[in-house]
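There are 4 protein chains.
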Amino acid sequence: MPESSTPLPAPTIAPPGGKLGVLCVGLGAVATTFIAGVELIRRGMAEPVGSLSQVGTLRLGKRTDGRSPKIADVVPLAALDDLVFGAWDPFPDDAYVSAQKAGVLDAGRHLEPIAEQLRAVQPMAAAFDANYVRRLDGENVKPERSKRALVEAIREDIQAFQEQHGCDRMVMIWCGSTEVHLDPSPVHADLESFDAAIDDDHDAISPSMLYAYAALLEGVPFANGAPSLTVDVPALRDLASSSGVPICGKDFKTGQTMVKTSLAPMFKARMLGMDGWYSTNILGNRDGEVLDDPEAFKSKEHSKLGVLDTILQPDLYPDLYGEIDHVVRINYYPPRGDNKEGWDNIDFHGWLGYPMQLKVNFLCRDSILAAPLCLDLALFLDLAQRAGMAGIQEWLSFYFKSPQVAPGLYPEHDLYIQQTKLKNTLRWMIGESQITHLGVEYYADDYLPQDD
Amino acid sequence: MPESSTPLPAPTIAPPGGKLGVLCVGLGAVATTFIAGVELIRRGMAEPVGSLSQVGTLRLGKRTDGRSPKIADVVPLAALDDLVFGAWDPFPDDAYVSAQKAGVLDAGRHLEPIAEQLRAVQPMAAAFDANYVRRLDGENVKPERSKRALVEAIREDIQAFQEQHGCDRMVMIWCGSTEVHLDPSPVHADLESFDAAIDDDHDAISPSMLYAYAALLEGVPFANGAPSLTVDVPALRDLASSSGVPICGKDFKTGQTMVKTSLAPMFKARMLGMDGWYSTNILGNRDGEVLDDPEAFKSKEHSKLGVLDTILQPDLYPDLYGEIDHVVRINYYPPRGDNKEGWDNIDFHGWLGYPMQLKVNFLCRDSILAAPLCLDLALFLDLAQRAGMAGIQEWLSFYFKSPQVAPGLYPEHDLYIQQTKLKNTLRWMIGESQITHLGVEYYADDYLPQDD
Amino acid sequence: MPESSTPLPAPTIAPPGGKLGVLCVGLGAVATTFIAGVELIRRGMAEPVGSLSQVGTLRLGKRTDGRSPKIADVVPLAALDDLVFGAWDPFPDDAYVSAQKAGVLDAGRHLEPIAEQLRAVQPMAAAFDANYVRRLDGENVKPERSKRALVEAIREDIQAFQEQHGCDRMVMIWCGSTEVHLDPSPVHADLESFDAAIDDDHDAISPSMLYAYAALLEGVPFANGAPSLTVDVPALRDLASSSGVPICGKDFKTGQTMVKTSLAPMFKARMLGMDGWYSTNILGNRDGEVLDDPEAFKSKEHSKLGVLDTILQPDLYPDLYGEIDHVVRINYYPPRGDNKEGWDNIDFHGWLGYPMQLKVNFLCRDSILAAPLCLDLALFLDLAQRAGMAGIQEWLSFYFKSPQVAPGLYPEHDLYIQQTKLKNTLRWMIGESQITHLGVEYYADDYLPQDD
Amino acid sequence: MPESSTPLPAPTIAPPGGKLGVLCVGLGAVATTFIAGVELIRRGMAEPVGSLSQVGTLRLGKRTDGRSPKIADVVPLAALDDLVFGAWDPFPDDAYVSAQKAGVLDAGRHLEPIAEQLRAVQPMAAAFDANYVRRLDGENVKPERSKRALVEAIREDIQAFQEQHGCDRMVMIWCGSTEVHLDPSPVHADLESFDAAIDDDHDAISPSMLYAYAALLEGVPFANGAPSLTVDVPALRDLASSSGVPICGKDFKTGQTMVKTSLAPMFKARMLGMDGWYSTNILGNRDGEVLDDPEAFKSKEHSKLGVLDTILQPDLYPDLYGEIDHVVRINYYPPRGDNKEGWDNIDFHGWLGYPMQLKVNFLCRDSILAAPLCLDLALFLDLAQRAGMAGIQEWLSFYFKSPQVAPGLYPEHDLYIQQTKLKNTLRWMIGESQITHLGVEYYADDYLPQDD
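Residue numbers (my numbering), protein chains in the order written: chain F, 1 to 452; chain P, 1 to 452; chain V, 1 to 452; chain Y, 1 to 452.
Heads up, a few of these hints could be off.
Note that the list lumps identical chains together, so a pair holds whenever it fits in one copy or between two copies.
To be verified - Calculated lysine-lysine pairs in the DSS-like style (CA-CA distance at most 30 angstroms, straight line):
#1 Lys-359 x Lys-101
#2 Lys-142 x Lys-298
#3 Lys-298 x Lys-359
#4 Lys-298 x Lys-70
#5 Lys-19 x Lys-142
#6 Lys-142 x Lys-62
#7 Lys-142 x Lys-359
#8 Lys-70 x Lys-142
#9 Lys-19 x Lys-70
#10 Lys-62 x Lys-298
#11 Lys-101 x Lys-70
Treat the hints as calculated values from the structure; they're not laboratory data.
Here the structure is a predicted model, which is why all the values come from computation and not from measurement.
Work out the full structure, taking the sequences as your base and the hints as a guide.
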């Protein structure tokens, strides 16, 4: 059955209420910018720019109806005032100190006024293993050595946090560094072998998997902001489905890739052929330092290279997109700090094969782009859970470089298809009709047979 | 009624058959690149890259169905072999000479092999008036002085062409220069006053209106590739509707604006605020020379400036998009010839108001981007006429900087909404379901209440 | 006689001592950044980056001598501690308020700590005439209406300032806006007609000329940071010579033109042909607003367009540089404030005529680049006066877009020739040898006839 | 003694006459573009754009003298008609086939008309060793296996070529690929150990050294266009001096580094501090493929990174230039072929430390920029030899990324100092005065004590 009708009835959504605990794995630039921002917004000292859940609207009905309420007004999301933040980090700095070191936010305007609240966010000891993140080293690390013990320790952290803050519901977001590349293996194939591998302290089980596993066992939705495998293995996908917990990932789509997945659809829409796409990135933050490790870059490169394929569909258009030299480079370049810069060069051709070029220079801020994604994901995952939507939340593909999808489906990377999917899903959830942009009814007099 | 269902039954489409005459107003760089390209493609000497009608596919059914036929295989379009070309131009050069002067196509590879066919396209004398296109001057001009006589002369040209080439159907495409800016006036309000103004040789009736009027009177669909008013006045819109003739316009969306309407939706999708967008263009062809006249630029500027508004919806998002410094400049710069170059700088801000920048440098080829649009428009207008779809063809907005829409509707400028509209319209025309990208059915097991 | 020997004996330089009054015409972004910076540097709170007089060195002797003292250590310049600042401005804001409005310097770090000193710089009423600077309007304006009375009022200001602050010597620097374009006319040809024109309130005498005239009559050196004629007329040049007062101008070379005069010499050095150079600028400060007036832009455009000619020498190289499409545009674009941005595209060709392109994107800060030039010019003009060097100081061409030179000479625009001229002039002034970079002596054994 | 006087008498220059044999090591894109160009220029079919020796002028005397003859008119250079070309290459393609494969020159316009001449340039078998250039493999390789035998074979090639073409004089230019990085070692310290190492087939003796050694033994001047050590070792430098043969190198300064050494002096001239310089390159030719080998890139990176140091003098200016993050990347990117593209980002700061950025995008053509350098070097090396100037020719630094200089001297990388050095050396050679740009004599009346 085609997608234009809605094959499933709209879900029943339990109302939000009580506190929503938001647990960040990693309390670095992204997490502190997220947490500080929410605090400032609550006080009316700043705007939640970049957050669809806070600022966005949803067109309902016909173009001429003029009905475009704010999403937050028609979808039952948790209120910002109900969020409570916690975090793990291998560095012992509290959110205030960490934010200062990150240098993302203006200390005078955006940290001092909320220093007390930020200081209160003390990182729990991390389940950290330098074999998986080689360029970092921290002292705020759990003493447990076995993977099983670490899972249990994380579960206890979750329970303790929930109790301490009186949380009604929780979500967990991976805001940490990229781990070294791991290939999916039989160890991840089902829960039984996964569990056995934990007991064996198997190398194929990375720390991020321990966090995800603990979250699922505790019924806490999990979003993965890094390109690591983490929750994207059959064992954990099945557990999420069977235990009714929503999950999503991988790798926040913020800088260059966000632009790439906005521009690539243009070439495709216009059927312009592509010969090469060269992308280079310079960044000077902790993320850049970690990615200077070729093994960590391998995860990231994989995540960044894949996006063109499903947008351009080389199988469908071998002449246009069958042979693209797609190169992605990341360079650690300290002068910029958190201010990432991308430069893209695209070689394409048009009518009769004539070559043209497009170049994009993106001067962005890594954490400023990522923070509102954390907020949206926290609220939408919680929404999904209250709506009884378990397992992979493909409608949140919009936020990820390498979206998780159901087995057998290809991921949608086109930012605009992702946006349509997200908004039409929200419409479906609240019982509104799908938007197709057909709009022939506006021209009914012209289109109907004149002799009627 | 919302757009997701299809409020009108699919039309009956008469089969194509016989010759389709394609009349270009203007036989300069765009028209000759279009005509030469079709000839080369017919012979298998080049590919119709950039043409959705020739290369594009239409996904039908579910994502997992794997059903994506070529548009040309499921929509009854005229065949390339059935096209016959004619043109008017104030310069007497035939298509071969004009193409050489334009310098767009490689003479050795792409003009010599088809020299004979190109030489056969001799421009008919133009209804030209230097008061409306000031930087040009031509000698291949109709002797008639009154506007009424010019309309009649154009009609005779159409009839003669049809007879001479045995055309079954015709379309007319404005490929000429931009006229000086004209504001809509009472003269254009209805057919009666329009007709009276022609008899009065009123200044508000420009040559392009005479072509459009003649086309409609002859039952020939009309597409306007320039930003001039032309067929976008109530009198002619009504005539098109009442006489069953499809029309569309205005201003081919090729270079910088194509990119702008691909990128602006990204900022909007991610709810990033915008402070300014500065666009500058350098180009060295005849178009650049004409636009060096401030009055001609006024038309173009209007067309180029408008696109951000309906994409960003400042009324809906006054905080994000209420005050944008949008500057567009075009500079005549001969070194580039037809190779247009655009440079855009975008100042935007994210989370908590932090500023960022994005810059785009587009090294494109004006006529190479425009030529496939001419082809698509010729074929789709002919299709619409055979489907009984009269008047404004909003679904062809995809091709225009300043799309014509029904009174009371705002135009869609977002390239991706335009693409969705175009493709869903084609689906509707052939009786296929709309695509909404909802796709909840793939996750039915996870989303259905667990206790069922 | 060629320039390699020094045809004039080195001058005797009177030692600096006592206060040096620095009078700025205009107390906007440039002047306040200059004044605040000097105050911060005096206190050791910031570095005089960008100031040759403070940071630069002078290589003396052979490359192998290792003798490169700081300029300030071998050339008798006034000390920063001896500078006293005054200014005229049509707006009544003191330097503290004006600097805050300009938004160039960080208020917390760079204005608050010296607020008291900045508040003390109160602008004297300006000799302002809105006919010459159309986009501005101020209330802090001298009541005198006749040009003669204005000259006298400015002279009184100078005398009063000198007396009040006990200045030993003074310099005046035009830091104000660009006036509308004036062509040199017979009125400016000699002092007699100039004087008569002042008495007649002739339109050809602009306010900036009144300041310059007053300065010269008071024996105060004058530097012109704007492109207006001002002191670049025979009457005032002669007066400067005959009264022993150094002068220099025109138009601070800071942003795009600084880069242009650094890059154009590369093409020339390598004998690469040039087809076009397109430069566009966006800026959002008061300067940008003033230049939005086409008449003011005319002055600036003239100043900006001229630089390529003497660098590329089209007379000497007609094939390479005889036909260049050189386009310069400036656009007022508020989002940037004082942060000017330039984008340049250069079309050039090499071996056998093959075309290439170079593009430069300059994200600079107008006043940050101009402020150290003010400091250098103040100190070097004072030095010249103490060295008995009257009239045009061509060796300060380094600082100007449109350098004043002796009648009959072409100006040097090449930044590196200007630098060589400046540094070799300093060497000459202190009795050191000229640097030619010949350096054959290092290879004497290889070069001398082997049979010696 | 300072450099401003000329410490050595001008040399006596033997007149050119007879044929000059030009032997290229490598017959790829650069060499064929060079050879084809000279042939086209001889026939008046193209211009020697980019060649100082052919197009450049030399200002003689005062600025007001108007004396700027062409270099070729005052310096006794060999005539283009007297050049005869030979080459070695591991691929057996003649110059015609190789040029076609390189794709640099337009086949129709620039190869066909001289096909016969190009076919006549058949590559001699190369002294090739895949251990030193890993990504290439060729079949046109000398059968000799020992390094000694290879030296002798090259010498025989030289002698045979000279005899066959009746050359009066010869020069050799390395136009081949970059070899893997070699560090200078004791083996290269003097001729004795160098000779012994050849006999031992020592790894520290690369093929390029064999060519250079053979050239010197035959009295043939040698220029090194690649960054490999080659002739830049004490043993060969001494041999060049003692046998009266001029040498120069290393690494043609063409694309990004040419721009870098033109722009870096601007920051230095204006005393602007530098924080970082990020350079990335994309190129798709054989050179790009070779540099994809990290060992080959090591040589190139070393050559490219060094240039900033002597321009910016961090020892002299530790605050401004003591800590620069200088990153250089090269990426093999086939879509561009020989059309290299560079993107540079420079982070710098000015007055009081405020940060600014400059970005350069260079769309160049590798071989088009290199070919005229080959011509100039051939002619200038021959000139030097006729002038009795043996050993290192530092005045040719202008052409190299990593100029060879006398032991104890730092190299000059500033393109403008290099240009001054080159031109003042030519002036010295023909007995003309040095240019210093002092020019105080034009202002003698103003500068001389007024009371004289």
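Consistency of the hints with the structure:
Taking the shortest alpha-carbon separations for Lys-359 and Lys-101, only the inter-copy value of 28 angstroms comes in at or below 30 angstroms, while the best intra-copy value is 33 angstroms. In this assembly of identical chains, Lys-142 and Lys-298 lie within 30 angstroms of each other by CA distance solely inside one copy; the values are 27 angstroms within and 42 angstroms between copies. In this assembly of identical chains, Lys-298 and Lys-359 lie within 30 angstroms of each other by CA distance both inside one copy and across copies; the values are 25 angstroms within and 28 angstroms between. Taking the shortest Cα distances, Lys-298 and Lys-70 never come within 30 angstroms of each other, neither inside one copy (40 angstroms) nor across copies (37 angstroms).
With identical chains, the CA atoms of Lys-19 and Lys-142 are at most 30 angstroms apart within one copy only, with a shortest distance of 27 angstroms there and 66 angstroms across copies. For the identical chains of this complex, Lys-142 and Lys-62 are neighbours neither inside a copy (56 angstroms) nor across copies (48 angstroms), given an alpha-carbon limit of 30 angstroms. For the identical chains of this complex, Lys-142 and Lys-359 are neighbours neither inside a copy (46 angstroms) nor across copies (45 angstroms), given an alpha-carbon limit of 30 angstroms. Proximity of Lys-70 and Lys-142 under a CA criterion of 30 angstroms is satisfied in neither setting, with 43 angstroms inside one chain copy and 56 angstroms between copies.
Within a single copy, Lys-19 and Lys-70 get their C-alpha atoms as close as 22 angstroms, which meets the 30 angstroms cut-off; across copies the closest is 52 angstroms, which misses it. In this assembly of identical chains, Lys-62 and Lys-298 lie within 30 angstroms of each other by CA distance neither inside one copy nor across copies; the values are 46 angstroms within and 33 angstroms between. With identical chains, the CA atoms of Lys-101 and Lys-70 are never at most 30 angstroms apart, being 36 angstroms at best within one copy and 37 angstroms at best between copies.
Hints 4, 6, 7, 8, 10, 11, counting from the list given before, are not met by this structure.
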